[in-house]
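K.L.:
Single-letter residue listing:
There are 4 protein chains.
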Amino acid sequence: MNDDPEAPARRDQVEGEGAIRGTGRMEAFADAVFAIAFTLPIVEIVLPAIEHDGAELGRELAALHPQYGGYLLASAVIGVYWVQHHFSGAIFRTTGHWFVIATTVFLAAIGFIAFPARVLTEHFSDVAARPAAAHYWVVSLSILSLAWLVKWTVGVLQGHIDARLEDGYVDRLTRNFRIVAVLNLLAAILVFVNWQAGLALSAILTTWLLLPPETPRYITLAPVIEGDS
Amino acid sequence: MNDDPEAPARRDQVEGEGAIRGTGRMEAFADAVFAIAFTLPIVEIVLPAIEHDGAELGRELAALHPQYGGYLLASAVIGVYWVQHHFSGAIFRTTGHWFVIATTVFLAAIGFIAFPARVLTEHFSDVAARPAAAHYWVVSLSILSLAWLVKWTVGVLQGHIDARLEDGYVDRLTRNFRIVAVLNLLAAILVFVNWQAGLALSAILTTWLLLPPETPRYITLAPVIEGDS
Amino acid sequence: MNDDPEAPARRDQVEGEGAIRGTGRMEAFADAVFAIAFTLPIVEIVLPAIEHDGAELGRELAALHPQYGGYLLASAVIGVYWVQHHFSGAIFRTTGHWFVIATTVFLAAIGFIAFPARVLTEHFSDVAARPAAAHYWVVSLSILSLAWLVKWTVGVLQGHIDARLEDGYVDRLTRNFRIVAVLNLLAAILVFVNWQAGLALSAILTTWLLLPPETPRYITLAPVIEGDS
Amino acid sequence: MNDDPEAPARRDQVEGEGAIRGTGRMEAFADAVFAIAFTLPIVEIVLPAIEHDGAELGRELAALHPQYGGYLLASAVIGVYWVQHHFSGAIFRTTGHWFVIATTVFLAAIGFIAFPARVLTEHFSDVAARPAAAHYWVVSLSILSLAWLVKWTVGVLQGHIDARLEDGYVDRLTRNFRIVAVLNLLAAILVFVNWQAGLALSAILTTWLLLPPETPRYITLAPVIEGDS
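One line per chain: the protein sequences are D, V, E and A, in this order. Numbering follows our numbering, in which position 28 of the first sequence is assigned residue number 32; successive positions increment by one, without gaps. Numbering follows our numbering, in which position 18 of the second sequence is assigned residue number 22; successive positions increment by one, without gaps. Numbering follows our numbering, in which position 26 of the third sequence is assigned residue number 30; successive positions increment by one, without gaps. Numbering follows our numbering, in which position 62 of the fourth sequence is assigned residue number 66; successive positions increment by one, without gaps.
Derived from the structure by calculation, the hints contain no laboratory data. Please read all numbers here as calculations on a predicted model, not as lab measurements. All C-beta atoms in this analysis are idealised placements derived from N, C-alpha and C, irrespective of residue type, glycine included. Please note that the accuracy of each hint is not assured.
Unchecked claim - Partial pick of chain V residues on the chain A-facing surface, computed with a CB cut under 8 angstroms:
| hint | residue |
| --- | --- |
| 1 | MET30 |
| 2 | VAL104 |
| 3 | ALA136 |
| 4 | GLY172 |
| 5 | ARG176 |
To be verified - Restraint ranges, calculated between C-beta atoms of paired labels, are given here:
| hint | chain 1 | residue 1 | chain 2 | residue 2 | range |
| --- | --- | --- | --- | --- | --- |
| 6 | D | ALA67 | V | ALA59 | 18 to 26 angstroms |
| 7 | V | ILE193 | D | ASN180 | 51 to 59 angstroms |
| 8 | D | LEU51 | E | VAL197 | 25 to 33 angstroms |
What the hints assert, rightly or not - Which stretches of chain D does chain V cover? Using the computed rule of at least three CB atoms under 8 angstroms from a CB of chain V, they are:
| hint | segment |
| --- | --- |
| 9 | 25-33 |
| 10 | 77-87 |
| 11 | 115-124 |
| 12 | 133-146 |
| 13 | 208-217 |
Using the sequences provided together with the hints, build the complete structure.
P.N.:
What follows is the structure in structure tokens.
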């Protein structure tokens, strides 16, 4: 068995399994989308006009706090998902047509999330706008969570998981991602009943993703020793 | 023969064949252009003004649906082409001067396509603007399809295909890409006769690219066995 | 011991150490964020309006010098940090959950820094605005410096340093980064007392990062020779 | 001798040579900057306003031709330089502090070039603006050409060239890059005397970069055979 996780899945060995490649380039594309989604929101912070009274610049820069908040919130959510994605890159070993498509759909959700982050932070100072801003944000986050679960599930079902991982390990990850997605959907319903509660549940779920995932467990092919019980 | 698809094509072994390298860095550049083209359209979605009545925020966010449509349409087309490009990365084994240039031309078309997507979706609600929006979109898509065919053909003619692939396999892919490009050109003519029909044909062709490509077929160098006929 | 710095840290060998991978993909994500932060400021330079008197174009282009300055200043700071980051990529050998998170926080600061660069350069021509612009810029740079130190420290404490490096070498780097961060914090205090002095200290510290870092020192496992004292 | 162009230059073997690494990550950073500079100009093409008469959409889209021109011109110049950069990635084998810094300076010029491209194409329809637009464009291109020569020269002088290349081969490349840079500087002087002539010379020089570079020549270490003359 070849130990290079990218090369072997690419050639004759897998003939018959379709357009399967290692995960290298799919990860690279995903990393680039994450990086752009992460960095792009800076262009939305508007420089105080140069024509204004210069002595007011300090106050004007401080007044941009909702825009800084939007940048930070988008960075935090995209960053947390990137950490999960980086981790899962060691769990998958190959890619395939439908897995690549599911990843692309998930990445479209990642690319979008900075917009709801701005809706929430920039409109939050207006009390009348808060419920709608919360609805929009929590629903967007639950779609993102669902897109992640779909991508993960397609990868698992299409057999792209590293075969050397213990089944129990992969099953536990799948269960965790399902729980998070279901709770996010609940938050997306709850937010229409009580926007504060929905927002709080959603925030807890995203923070939860910050916790380190369980260490991968590999099947250790112990040598069979004669006479050993 | 070296099994690492990038290293061997780079050095002394290919002296005399020009500035040939493995496909790694060309794929990386292309992946980055795809990723940016895919993510950039989010900056075109305009946040409802903070000065507006906050109670209207929900309605204003819903009214952005043509802009969401533009983001989704651009993501879908760029995503579909990225899936094809990711797949073809396993078909090519080296790059060269003219192949790199043809790829760059194709990538300029990828980088442009989000603009026609916005023209179509943002102007579609205006009945008087629909024909022109459809012309623009379908012609742009047919140029993209043609640019893909040119890139593919240059790669094949310059000998960058993995030599271990069956000739018949590569020929079938070439034929498919030609059919799609010719039908896209037909759609670009048809759209000026009947914009609805042209738009429909174009949509079918792009959706068709979602289908998984044929599994690569490799020449299996079977060992010659004495006495075998 | 495997000499490939990415592959070995990824699989069974490190079972039990958590979601540890080689640094390849984390570096790729960081490189992409650096590249976007580096290139994005160009969109902030506003083209002179086409409706203006064409004979004035030369003068109008020259009058954009504060915007060119913002582009150059952001490029310089991001470039200098990228050089440091590129260098440190050879010092670390693995990644882990908290190291990835600390890197993401540092990258959010990198993505932000072009905005303070524009505040400083575009408002500098207004004498009344200079103190506030200097406060904003120097404080932002000191946060960036602190974020770098945090990232470095997390990487070192979590054991991601290449084990073949001499301890003394890593300690000297750590001490240098601490000195730079502390001096940056001093500059961030000084700038409120005397903005010119704070700005000057900050500029010196960033220029200092341009100096080449000390050559890595590796533990040489000399063969034990019999009879050798 | 290790055949992997990236791994060997990174570790103990080169102790004492400073912060030397393979070219992989520097190329990745450069590729990302190229990709962003290449794709970003699309955001500068302004969608015709939705409030306008829809029946005018076709005419309005056609009237955007100077903006399409700016996109195409920027793509062409960045694309041509990327092709050269991709090629030179096979010529260099290691990186070092000053080479990385010179590359960063060159990349800042690449990131900037889309702005002069817009100045030229968007102001060209105004006869009075043409000389200033031509000056700006040709001077910018000559700075880019000079930045390329500086980067190349630093790489060569710091010993980062693949040692297996023939000296004569590298010398011929250096001479070519010097000729192009000097002619670009001449174009930057000529454009102030006669803007049409300066623009024409500059265009010829950039088109010249489209020609395939000379095939790398490697020193072949032929085995010494006894008795062979």
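K.L.:
It remains to establish, for every hint, whether it holds in the given structure.
P.N.:
Structure-based check of each hint:
Residue-level restraint check for MET30 (chain V) holds (minimum Cβ-Cβ distance to chain A is 7 angstroms; threshold 8 angstroms). Using the Cβ-Cβ criterion of 8 angstroms, the hint placing VAL104 (chain V) at the interface with chain A is satisfied: the shortest such distance is roughly 5 angstroms. Because the smallest distance between the Cβ of ALA136 (chain V) and any Cβ of chain A comes to about 4 angstroms, under 8 angstroms, the interface hint for this residue holds. For GLY172 (chain V), the interface hint is violated, the least distance from its beta-carbon to any beta-carbon of chain A being 31 angstroms, above 8 angstroms.
Evaluation of the ARG176 (chain V) hint against chain A yields a violated restraint, the C-beta minimum of about 30 angstroms exceeding 8 angstroms. Between ALA67 (chain D) and ALA59 (chain V) the CB atoms are about 23 angstroms apart, so this pair conforms to the stated range of 18 to 26 angstroms. Checking the proposed 51 to 59 angstroms range against ILE193 (chain V) and ASN180 (chain D) shows it holds: the Cβ atoms sit about 53 angstroms from each other. Between LEU51 (chain D) and VAL197 (chain E) the beta carbon distance is about 26 angstroms. The supplied range of 25 to 33 angstroms therefore holds.
With a cut-off of 8 angstroms between beta carbons, the segment 25-33 of chain D has 5 residues touching chain V; three or more are needed, and the interface restraint holds. By the rule of at least three residues with a Cβ nearer than 8 angstroms to a Cβ of chain V, the coverage given for the segment 77-87 of chain D is violated, with 0 such residues. Counting residues of the segment 115-124 of chain D whose beta-carbon sits less than 8 angstroms from any beta-carbon of chain V gives 6, enough to reach three: the coverage restraint holds. Look at the segment 133-146 of chain D against chain V: 7 of its residues bring a Cβ nearer than 8 angstroms to a Cβ of that chain, three or more, so the hint holds.
Counting residues of the segment 208-217 of chain D whose CB lies closer than 8 angstroms to any CB of chain V gives 0, so the stated coverage by that chain is violated, three being the minimum.
In this structure, the hints that do not hold are numbers 4, 5, 10, 13, in rising order.
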